[in-house]
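A.B. asks: What follows is the residue order along each chain.
2 protein chains.
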Amino acid sequence: MAIGAQDTLVLFRDRINAISSYGEALGVLYWDLRTGAPRRGMDRRSESIGVLSGEMFKLSTAPELGEWLSRLEEKHTYETLSEIDQRLVTETRKEYDRSVRIPPKLYQEYVVLASQSESKWEEAKADNDYAGFQPYMEKVIGFTNQFIDLWGAGATRYDTLLDQYEPGMTVEELDRVFGGLREQLVPLAANIAASPHQPDTSFLSQRFDKAAQKAFSLHILRQMGYNFESGRLDESAHPFATGLNPGDVRITTRYLENDVTSALFGTIHEGGHALYEQNIMKELVGTTLCTGTSMGIHESQSRFWENVIGRSRPFWEHNFDALQKSFPGQLDVTVDQFYRGNNVVTPSLIRIEADELTYNLHIIIRYEMEKLIFNEGLKAADLPAMWNDKYKEYLGITPTSDAEGVLQDVHWSGGAFGYFPSYSLGNMYAAQFADTMERELKGMWDMVGRGELLPIKDWLTERIYKYGKLRTPSELVQAVTAKPLDPQYLVNYLSRKYSDIYKLS
Amino acid sequence: MAIGAQDTLVLFRDRINAISSYGEALGVLYWDLRTGAPRRGMDRRSESIGVLSGEMFKLSTAPELGEWLSRLEEKHTYETLSEIDQRLVTETRKEYDRSVRIPPKLYQEYVVLASQSESKWEEAKADNDYAGFQPYMEKVIGFTNQFIDLWGAGATRYDTLLDQYEPGMTVEELDRVFGGLREQLVPLAANIAASPHQPDTSFLSQRFDKAAQKAFSLHILRQMGYNFESGRLDESAHPFATGLNPGDVRITTRYLENDVTSALFGTIHEGGHALYEQNIMKELVGTTLCTGTSMGIHESQSRFWENVIGRSRPFWEHNFDALQKSFPGQLDVTVDQFYRGNNVVTPSLIRIEADELTYNLHIIIRYEMEKLIFNEGLKAADLPAMWNDKYKEYLGITPTSDAEGVLQDVHWSGGAFGYFPSYSLGNMYAAQFADTMERELKGMWDMVGRGELLPIKDWLTERIYKYGKLRTPSELVQAVTAKPLDPQYLVNYLSRKYSDIYKLS
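Protein chains in written order, with this note's numbering: chain U, 1 to 505; chain E, 1 to 505.
Incorrect hints may have been included.
A pair holds if it fits inside one copy or across any two, identical chains being indistinguishable in the list.
Stated by the list, open to error - Here are the simulated SDA-like cross-link-like pairs (lysine to any residue), alpha carbons at most 20 Å apart as the crow flies:
hint, residue 1, residue 2
1, K282, E79
2, K105, N17
3, K282, P38
4, K139, G54
5, K105, R13
6, K105, D7
7, K214, P38
8, K105, G286
9, K105, I19
10, K325, G179
11, K390, A5
12, K379, I365
13, K214, G36
14, K58, I19
15, K105, D14
16, K210, E257
17, K105, L11
18, K325, A18
19, K120, P38
20, K392, F203
21, K105, R222
22, K58, A18
Derived by calculation from the structure, the hints in this document are not laboratory data.
Only chain U is shown next, with the shape it has when bound in the complex (with noise of 0.2 Å):
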């Protein structure tokens, strides 16, 4: 053996910073393009975003990370490994041995299109325009299906998606868990359309100043303990959060000036992805384990922070005095009517403003339309009136334009098929993570109504932010909560809570 054990780690251990790095510097990129980037300059960037793209991936899929790889993994070297290292060792095996069946100069030709792909979309969204995103469509899915055929299908060829986002997962699983989700909210969403009390929401159809909701929102990501000396809020079309380190991980909101809450929400919930990348250990700095270990998994804090904390009764017996100042006049109900008007649940034609309780109908949804594009075949001519049906079914409403149906979001313009089912995922992550959180952080509830936030993040930097990927989702949810995933816990939460608002009995 020409090469000892130490030097292949450290050459590994390189590698990774190098991967690392590419990874960082094309985070600004996809940044900067989404924030404000000269519209004429896009296509020369996205030439140049493939490029580097390229040279990542041939970092990635080199043969001598193979060879490293192999040598690290032997046992009586992996043994002596740091748990940090052992880790990075096994997820950048799987990541090789994805990413070696991927021919270098097709992926490049992949990230340029999808650069050019989400800002056509930007485009297509704005004018309305599902047939110039068309060819988008088109070859993005084509792509997608290229990437299937090399890497093998699963059980089935959606199969090998999901596990992109959230390892191990499958359709069977999904088809039970959603079913099983369907089944115990569908009676739930029943009663509450027949209950009675509905929420008066007519305070809400006001214009409300922008500047004034950007403040709220800054206010507010100061009480959940989002670092400004590690972050920054912009606007952008969609809103995202992006961790290019631990130290620097930006938020992107939207406002509406006739709606006083939606910015708001999205502000929390990217607010909650920053926090799991914020508060990251810095012993994984620089490697490709500083960041969330699964979508289901970041979906579940964005979504905690949403909706368990954000549209709790107690955050807005805190909160709410301070939105009423903000707009002043404009405001005049109590904390009760407040509260009741934000956790009305209706079916609604946006996902991303969605009440809780419909919104995982928004994903199944999708689920559902991913499947049949890649187990059988449907094309990306038919995505918009198949969405506007499935809303139909499903929702009982259609969308009057494909901006506010099959445009409304960017995930697909990027090829980002398989991701929807984290969100709801998350939900039932969220709901599992804080019923440990409300038996071990006694008062917990107490503090949230007097703005104490920090305990929260603690507790959640404590057990599950500063990991990174050194667990996977699995072992996180056992580890926190000592059980497998549960989607009761979700069930319970939103019968409980919607019991509460709609006074069911």
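Given chain U's structure and the hints, the job is docking chain E onto it.
C.D. replies: The following block gives chain E in isolation, referenced to the frame of chain U:
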């Protein structure tokens, strides 16, 4: 020969495209660092920048690139190349021969340091803390001396640095040119100081609303033909322009609330740089020729727009009315008073706020200090005292803090030694170009007086901008003005202008 000339050209052009892509990505990262990147993420970002710069450096110095160059330089091949490819080969050969002398690891360390040093400089300037910055200054000088050793000194060690920014420029030439300038400008400045017709500047000492300043700056940028679909205006501690590609050329400025024109002239200055980069011919996009041909020529454009146009009487005859309306009741003077008040010649501490005449003394101080550092071994610890001594000697005034002294400029923190002379070269080029323009563009000053600046932008595009690096500085000056560089144009321009303003006999 295993590989034909055509295949070699394809490989060569692909490599140039890759190098250009890294340059663009790094440009975005630097822009981001200086316009609002979160503070705590900067150390890790510097490492990422180091990795990318190292990769770019490897691509630029790889043995195969040397082989491709040799192949393309063969006479019978070279003669078949397009003008652009010929120039690409020549330019790349020059950079290649220079770069291969720097060990990649050394260069990567240097880039990390330079990035950290620039961040540290920004803090140090804010805190007036030269001592905190000095260790970085020492290291940057140390690296630069290593580079001179590796490149080999020219006639003097400092010549080697000058050549980076203005190809072919030497200490001998600059001593002569700057000597000539000083010889004629010093008596002119004395005449000005002795004139009984000193402009009134009292109306400038007010508080001017920042938002109104910004709106007016944007108005002037539009008048100049700056394309906002290919750029954006932000704020930073030190104004700069960065050409990422011709479709994305960004500028920054810095608003001073007690000065109505500082940000405006800064914006016009950076706007001049930006017009150059926005109007390079599309055939050069994605190549390393897609930028200004030298720092001196670049500065000729920023200073042409800022001084020759922006500080001219016809410019204000058109624009003063709109400026008055931007600050109601604050500028109750005649356009002649305003014009003269903005063209006061007076010794001052801050280079970027100096008048057109004494500006050259600011440059000569920096030029002499750089010569002392690299030709005489002047130490970083001694820079503040030397700086203050020279300001006393040349301008008769002494900074009261390092923040307004040696810490005022970003250049040295990032290792840009040899850059400062470009500014005065720019003044000279600008005056010489303007002389030709006045003769060729009939009624030019009448157009300025009507706010019609686009014909000027178009003339500059046709004669200068579109060529990017396709012509060398001396080729360009010869082609545009039919003469080599002659500092007498600047002297004549300044004499004419100030004889009028100060009513000199």
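A.B. asks: If a hint holds in the structure, say so; if it doesn't, say that too.
C.D. replies: Structure-based check of all given hints:
| no. | hint | in the structure |
| --- | --- | --- |
| 1 | K282 with E79 | neither (23 Å within a copy, 57 Å between copies) |
| 2 | K105 with N17 | between (23 Å within a copy, 15 Å between copies) |
| 3 | K282 with P38 | between (35 Å within a copy, 17 Å between copies) |
| 4 | K139 with G54 | within (19 Å within a copy, 34 Å between copies) |
| 5 | K105 with R13 | between (26 Å within a copy, 17 Å between copies) |
| 6 | K105 with D7 | between (31 Å within a copy, 18 Å between copies) |
| 7 | K214 with P38 | between (24 Å within a copy, 19 Å between copies) |
| 8 | K105 with G286 | between (27 Å within a copy, 19 Å between copies) |
| 9 | K105 with I19 | both (18 Å within a copy, 17 Å between copies) |
| 10 | K325 with G179 | neither (44 Å within a copy, 66 Å between copies) |
| 11 | K390 with A5 | neither (56 Å within a copy, 58 Å between copies) |
| 12 | K379 with I365 | within (16 Å within a copy, 69 Å between copies) |
| 13 | K214 with G36 | both (18 Å within a copy, 18 Å between copies) |
| 14 | K58 with I19 | both (10 Å within a copy, 16 Å between copies) |
| 15 | K105 with D14 | between (24 Å within a copy, 13 Å between copies) |
| 16 | K210 with E257 | within (6 Å within a copy, 25 Å between copies) |
| 17 | K105 with L11 | between (25 Å within a copy, 15 Å between copies) |
| 18 | K325 with A18 | neither (49 Å within a copy, 54 Å between copies) |
| 19 | K120 with P38 | within (14 Å within a copy, 29 Å between copies) |
| 20 | K392 with F203 | neither (28 Å within a copy, 67 Å between copies) |
| 21 | K105 with R222 | neither (44 Å within a copy, 41 Å between copies) |
| 22 | K58 with A18 | both (11 Å within a copy, 14 Å between copies) |
Hint compliance for this structure: hints 1, 10, 11, 18, 20, 21 are broken, all remaining hints hold.
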